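A.B. asks: Sequence:
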Amino acid sequence: MKVSMPAFLAAVIPTAQGMFRFDCFNNLVVDRVDPIVNPSEASGHLHAVSGGNGFSMNADGAAMKASTCTSCPIGADLSAYWVPQLYVKFKNGTGYGLVESHQIVYYESRPMGDEKVIAFPDGLKMLAGNPTLREKGDSTEEKAITWVCLDYDNPHPEQQGIPNFKCPNGLRGQVNFPMCWNGVDLDSLDHKSHVAYATGLDGGSCPDGWKKMVKIFYEAFYNVAQYDDEWDGDQHPFVLANGDRTGFGFHGDFLNGWDIDVLQAAVDQCASKNYFNSGECAPLSASFSDKAPEARCTTQSEIVEDIMTVAKLPGNNPVDDEIAEPASNQTSSFSNSTFSSGSARSAEINAESANTEDSVAGEADNNARATPIESPSSRRSVNCKATMTKNRSG
Numbered sequence: 001m002k003v004s005m006p007a008f009l010a011a012v013i014p015t016a017q018g019m020f021r022f023d024c025f026n027n028l029v030v031d032r033v034d035p036i037v038n039p040s041e042a043s044g045h046l047h048a049v050s051g052g053n054g055f056s057m058n059a060d061g062a063a064m065k066a067s068t069c070t071s072c073p074i075g076a077d078l079s080a081y082w083v084p085q086l087y088v089k090f091k092n093g094t095g096y097g098l099v100e101s102h103q104i105v106y107y108e109s110r111p112m113g114d115e116k117v118i119a120f121p122d123g124l125k126m127l128a129g130n131p132t133l134r135e136k137g138d139s140t141e142e143k144a145i146t147w148v149c150l151d152y153d154n155p156h157p158e159q160q161g162i163p164n165f166k167c168p169n170g171l172r173g174q175v176n177f178p179m180c181w182n183g184v185d186l187d188s189l190d191h192k193s194h195v196a197y198a199t200g201l202d203g204g205s206c207p208d209g210w211k212k213m214v215k216i217f218y219e220a221f222y223n224v225a226q227y228d229d230e231w232d233g234d235q236h237p238f239v240l241a242n243g244d245r246t247g248f249g250f251h252g253d254f255l256n257g258w259d260i261d262v263l264q265a266a267v268d269q270c271a272s273k274n275y276f277n278s279g280e281c282a283p284l285s286a287s288f289s290d291k292a293p294e295a296r297c298t299t300q301s302e303i304v305e306d307i308m309t310v311a312k313l314p315g316n317n318p319v320d321d322e323i324a325e326p327a328s329n330q331t332s333s334f335s336n337s338t339f340s341s342g343s344a345r346s347a348e349i350n351a352e353s354a355n356t357e358d359s360v361a362g363e364a365d366n367n368a369r370a371t372p373i374e375s376p377s378s379r380r381s382v383n384c385k386a387t388m389t390k391n392r393s394g
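Under the UniProt record's numbering, residues 1 to 394 are what the sequence shown spells out, in order.
I should point out that these hints are in silico values taken from the structure, not numbers from a laboratory. All figures in this text were calculated on a predicted structure; none of them were measured in a lab. From the three backbone atoms N, C-alpha and C, an ideal C-beta is built for every residue, glycine too. Some hints here could point you the wrong way.
[To be verified] Quick list of simulated restraints, FRET-style, between CB atoms:
#1 V310 with D228: 35 to 45 angstroms
#2 D228 with S205: 37 to 47 angstroms
#3 E294 with P155: 30 to 40 angstroms
[What the hints assert, rightly or not] Here are the simulated lysine to any residue pairs, SDA-like style, with alpha carbons at most 25 angstroms apart:
#4 K211 with K273
#5 K116 with K166
#6 K89 with Q159
#7 K312 with Q159
#8 K136 with D268
#9 K91 with N164
#10 K116 with G233
#11 K89 with G233
#12 K312 with T94
#13 K312 with K211
#14 K312 with T68
#15 K91 with D228
#16 K166 with D268
Put together the whole structure using the sequences plus the hints.
C.D. replies: Structure, rendered in structure tokens:
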């Protein structure tokens, strides 16, 4: 049987490359909390969290859907999104300073042929990246974590690990999440085995029998030019809250709190083009809202400790080869899932995004967003509590 080239291409090339994105201009909270890896206890390191104010160390999908506001602009999305906090190490040896940040989240539909792309199931939890990684890797999971030095006069490509050159327009940490789901489990012991990367990082086939979900991609933005004087010669001064100076251990967590009917409609109807303003995607427009900074959605930290300027990283994490004193809250390392190699994130979307970053970053101080929710109790939820081993680096 002879297969035509158009038919072959339809089978192997994603039929849609659209996306919608939104900017969570302010963090909901910066706290040493991770309800996926460390439920009911302090996490081993500090996280910057965006999303619904139902977030806590005990949060699950039901708790997120009971949120009364979100730091992101879509009211139908009460999910939680978090990454490790970035610090600057002061050259004078006095300690570390917290680097302010905000997140942009992309939702990308990547069907193959007539493949159905589904919304996240209620209560889904997942983690992307490996906090213990300290060197460049070739697996898809390792390539899924990248950094970009923003220099509009001298553009740099994305790379694994924190760039060791100065970034006048900011530094961006990036997390690509898996888009394949086993169709059964909302979580797993390592918070990864129930999901998988497709054959390509930005698309491709899922394992046989698995379902293709909408893909999420995080961009965490940091204004780092103000710390140029903290460089030690040609060595950058930045360190993640887990003690990682390389940036290879950057990672992201996601806890689903969507109204999944709205998300499914957005996936179905807004996959044909790029919606840099997600309020223009019809299913999202009804709950899309911009709020003034004084109306921003935040919540109180559960772990009471100094986090802004500190002599040691919260949780007493050692920085690379420094020796740590015993800490009261220890977490253990989780297993590293292995995935097939794939391509980098879509260069086209990344390029278009770069064209809007100046305006987006410049609006951050004046347009922090929050969206009050009228009746969260009406939404369905699934309470998934996985049995987890203690771990050290969540």
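A.B. asks: Hint by hint, note whether the structure agrees.
C.D. replies: Cross-check of the supplied hints:
1. The hint said 35 to 45 angstroms for the Cβ distance between V310 and D228, and at roughly 21 angstroms that hint is violated.
2. Taking the beta carbon of each, D228 and S205 are about 45 angstroms apart, inside 37 to 47 angstroms as hinted.
3. Separation of E294 from P155 is about 36 angstroms and conforms to the stated range, judged on CB atoms against 30 to 40 angstroms.
4. Proposed proximity of K211 and K273 is supported: the alpha carbons are some 23 angstroms apart, at most 25 angstroms.
5. For a cut-off of 25 angstroms, the pair hint linking K116 to K166 is broken: about 43 angstroms separates their Cα positions.
6. Our distance criterion of 25 angstroms between C-alpha atoms is met by K89 and Q159, whose separation comes to about 22 angstroms.
7. Of the supplied pair hints, the one linking K312 and Q159 is violated, its CA atoms being roughly 28 angstroms apart against a limit of 25 angstroms.
8. Of the pairs offered as hints, the one joining K136 and D268 is violated, with about 36 angstroms between alpha carbons and a cut-off of 25 angstroms exceeded.
9. As the CA atoms of K91 and N164 are separated by approximately 16 angstroms, the hinted pair is consistent with the 25 angstroms bound.
10. For the hint linking K116 to G233, the alpha-carbon distance of about 52 angstroms lies beyond 25 angstroms, and the restraint is violated.
11. For the proposed pair K89 and G233, the alpha carbon gap of about 13 angstroms is at most 25 angstroms, so the pair holds.
12. For the hint linking K312 to T94, the alpha-carbon distance of about 9 angstroms falls within 25 angstroms, and the restraint holds.
13. For the proposed pair K312 and K211, the alpha carbon gap of about 44 angstroms is over 25 angstroms, so the pair is violated.
14. For a cut-off of 25 angstroms, the pair hint linking K312 to T68 is broken: about 35 angstroms separates their Cα positions.
15. With a C-alpha separation of about 11 angstroms, the suggested pair K91 and D228 falls inside the 25 angstroms cut-off, and the hint holds.
16. A hinted pair counts as satisfied when its Cα atoms are at most 25 angstroms apart, and K166 with D268 does not qualify at roughly 41 angstroms.
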